[in-house]
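Chemist: Heads up: the protein sequence lines correspond to chains F and V, in order.
Per our numbering, the first sequence starts with residue 59, numbered consecutively.
Per our numbering, the second sequence starts with residue 64, numbered consecutively.
Treat the hints with care, since some could be wrong.
With a Cα cut of at most 20 Å, we get these calculated EDC-like pairs of lysine to aspartate or glutamate [unchecked claim]:
(1) Lys257(V) x Glu396(F)
(2) Lys128(F) x Asp63(F)
(3) Lys257(V) x Asp63(F)
(4) Lys285(F) x Glu310(F)
(5) Lys247(F) x Glu188(F)
(6) Lys388(F) x Glu280(V)
(7) Lys83(V) x Asp429(F)
(8) Lys382(F) x Glu417(F)
(9) Lys320(F) x Asp336(F)
(10) Lys83(V) x Asp385(F)
(11) Lys270(V) x Glu396(F)
(12) Lys270(V) x Glu417(F)
(13) Lys382(F) x Glu280(V)
(14) Lys90(F) x Glu122(F)
(15) Lys257(V) x Glu122(F)
In case anyone wonders, no lab produced these hints; they're calculated from the structure.
Each chain, written out:
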Amino acid sequence: MTNSDSILEMINVSKTFPGVKALDKVNLTIRKGSIHALMGENGAGKSTLMKILYGLYSPDEGGEIFFDGKPFTPKAPIDAIRTGLAMVPQEISPSANLSVAANFFLGRELRRGFLMDHQAMNQETAKVLEELGIPMKVETLMQDVSVAKAQLLAIATAVSYDAKLIIMDEPTTALTESEVRHLYQIVRKVQQRGISIIYISHKLGEVFELADEVSVIRDGEYIGTKKTSEITKEALINMMVGREMDEMFVREKVEIGDSLLKVNNLSLPGKFEDISFDVKKGEVFGIAGLVGAGRSEVVEAIFGYKPAQSGDIYIHGKRIEIYKPMDAIKQRIGFVTEDRKLTGLMLNMSVTDNMVMPELTPYVKSGLISDELASNVAKTMKQQLRIKTPTVGTIIDNLSGGNQQKVLIARWLLLEPEILILDEPTKGIDVGAKAEIYKLIVELAKLGKAIIIVSSEMLELLSLSDRIMVMAEGKEMGVVDRAEATQELILEMAAGGDVPTEHAIEIDTTELSIEGVA
Amino acid sequence: MDSLASNKFNKANYTEFLNKYGMLIILVLLFISLSFKIEGFASIRNVLSILEQVSMFGIIAIGVTFAIVTGGIDLSGGSVVALASVVGATLVTGSEGYGMTIVAFGAALFVGSICGLINGTITAYGRIPPFIATLGMMTMARGMAQLFSDGRPVDASSDAFTSIGDGSVFGIPGLVIIYVLVAVVCHVMMSRMKFGRHVFAIGGNVKTARICGVNVEVTLVKVYVLAGALAGLAGAMLASRAYAGNPTFGNMWELDAIAAAVIGGTSLAGGVGSVAMCIVGALIIGVMNKGLNMLGVDPYWQQIIKGMIIISAVLLDAQKRKKA
Chain F
59 MTNSDSILEM INVSKTFPGV KALDKVNLTI RKGSIHALMG ENGAGKSTLM KILYGLYSPD
119 EGGEIFFDGK PFTPKAPIDA IRTGLAMVPQ EISPSANLSV AANFFLGREL RRGFLMDHQA
179 MNQETAKVLE ELGIPMKVET LMQDVSVAKA QLLAIATAVS YDAKLIIMDE PTTALTESEV
239 RHLYQIVRKV QQRGISIIYI SHKLGEVFEL ADEVSVIRDG EYIGTKKTSE ITKEALINMM
299 VGREMDEMFV REKVEIGDSL LKVNNLSLPG KFEDISFDVK KGEVFGIAGL VGAGRSEVVE
359 AIFGYKPAQS GDIYIHGKRI EIYKPMDAIK QRIGFVTEDR KLTGLMLNMS VTDNMVMPEL
419 TPYVKSGLIS DELASNVAKT MKQQLRIKTP TVGTIIDNLS GGNQQKVLIA RWLLLEPEIL
479 ILDEPTKGID VGAKAEIYKL IVELAKLGKA IIIVSSEMLE LLSLSDRIMV MAEGKEMGVV
539 DRAEATQELI LEMAAGGDVP TEHAIEIDTT ELSIEGVA
Chain V
64 MDSLASNKFN KANYTEFLNK YGMLIILVLL FISLSFKIEG FASIRNVLSI LEQVSMFGII
124 AIGVTFAIVT GGIDLSGGSV VALASVVGAT LVTGSEGYGM TIVAFGAALF VGSICGLING
184 TITAYGRIPP FIATLGMMTM ARGMAQLFSD GRPVDASSDA FTSIGDGSVF GIPGLVIIYV
244 LVAVVCHVMM SRMKFGRHVF AIGGNVKTAR ICGVNVEVTL VKVYVLAGAL AGLAGAMLAS
304 RAYAGNPTFG NMWELDAIAA AVIGGTSLAG GVGSVAMCIV GALIIGVMNK GLNMLGVDPY
364 WQQIIKGMII ISAVLLDAQK RKKA
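In isolation and in its complexed conformation, chain F is listed as follows (with noise of 0.2 Å):
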């Protein structure tokens, strides 16, 4: 069954978590000495497949893994390191402290006797760096060292272990235009040495200048394998999106009002420049683009969380300062964050409590709050939107992701919003809740709110926003029409950071829209 020229083969692996298929009968092989990108949206399973390679996750029973025509079940990641399959992560966390060459050897240092070898490890550490072409010193501490540098040693790291497959995971996310040069400099030199490479990515640029051959997941399921001098970027689109359309959720329409909230060039250097939109009565705004190009701190701006550092805000044409998110409370802006554990929930307390924080002052007779008043109000919103907890008093802690998403819902509609801003609003929840929590929005646009929606999921936003702004590395690459949104268009703008502007344009003007989204 297996191939002599493959690294890697898997075969029909799958792998389930509570309600959700995450990969289904995935087939991937990996030609030896080959850079082999691999693309789909997020949540398409990427991650999942690249966890199971590395011993973090085990497959569902049925699939199989060949690893240089080996059986390969990693339990942990030293099997797979064992083996010869290294990781370089999105996100390298060295240990800032240690020199570069501790981290280096971090976990197998080097010793004479029972002291560590610290001369030889430098030496060991130079000679590497300087075989691929790496300029750092290796005495550095890592606290000194640029995010692009960490990479390559990370890279260098993996060479080390005599890695036979590497997966370096979206490399160039945090990387200026230069240091992507250099990243792809010593990717082409490790290929060289007969390394084969795993190389996740977004971009359609990267793909095409490094890759040998592409393959393709999305929800879960192989698509395919192309070699990257066979196929157009068009086609290449095509495959990441082509999902059937009436998968989509079908909205009615909602008659759209005045103008609510107005953005005039809103900046916070580093993060975001010169953002412009407004936002109407009834209407839902869909701000899509990659992940790291602005767009949660463009709406963390609007809240007050992060504030922007110029710009303007107008509500109701008036213009307004919001420096806190208290300044925004008060103008009646809710906000359901992108990471429900990070900065949503309050894990420890009870749903009510959860639900009622942001304004306390309605459950308060003379001066003390009343938990049955609390509890009532939380009660008629457990209903409402049909949260499933066993009572209001329960510790959110034990609900399901979908209803402690409607449970933060909640807590921003107790305040009666007039605009209502929703980052990744139905990330990690399964799709009877999804379908619910879509349901919602389009009732809340009905009510004349207006809705702000960040999402990364293409189809979310194409099925609920009335108009797309796409953003790429900070900027704002336009705003479009739903009747002129494709996932195509949009996945080109946002792609916008490495493809040139021409390009853009000529796009524009490409037939390429798929019947059925308007």
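With chain F's structure known, arrange chain V on it following the hints.
Modeler: Using the frame of chain F, we list chain V on its own:
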């Protein structure tokens, strides 16, 4: 599936019950077993004497509980007791009537509040970990007490002033009455007022608290001012009980106070705790101290036992969180 779910909930309820009342059960068992062992342990006189001993560090423990629930800590309580005691004693000594007594108590509270204001400001606005901020205050307040009193005890000869610590109403010692009043007020503040809810929100998830519009900095400052004021009050109480202020007063009390909070189930990770349980924790320490004394246990052993109990309580907390 259904039975599985209900099992889970039964188990959850059971754990919740233990989490909530476990320490209360231990207090009762401890008290009952000591009552069997020691004659007169369960007498009203003895119980009141335990309460009186608990009252002062118990009041500090209430302030510390607020700080710990926000995810912080206050180490300065014991030193603030010393500073407040010498300030109060200096003001009140030689005076007659309750006027000066009120001034002395007020000054003690004020001095404590200022120490707390500094702790809180440094923690909230200076972004210095409260452990370090209050550790600094612990040393500074002790030094200020020494400086203020020239390193000597200060006489607090005022009948009115000492009658607070020495007197009783319907047989209940004045210090116990103050403890109960403070506990009731603080319990209501923590469990029923906006301020208390914000304290929990900060400890539960400070980022979420910010997003919910909680003014994190102001709330933290209030918490440390409260903790400082309560330590100041404890200082005045001790001065009135001892007829003197003394710069060596309150040595290591902050540790007893933290122990009381932690034994009462306040999680050092923040977001969990209650004034009522902090009182239970303080009473466990008080009952144990008294019992071990009356049993004639070597004081060195007493310290070892106390240390073990504190560690067990924190271990229990760590276990609970691991399960959750």
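Chemist: For each hint given before, does the structure comply? Return the numbers of the non-compliant ones in rising order.
Modeler: The structure breaks hints 1, 3, 4, 10, 15; every other hint is satisfied.
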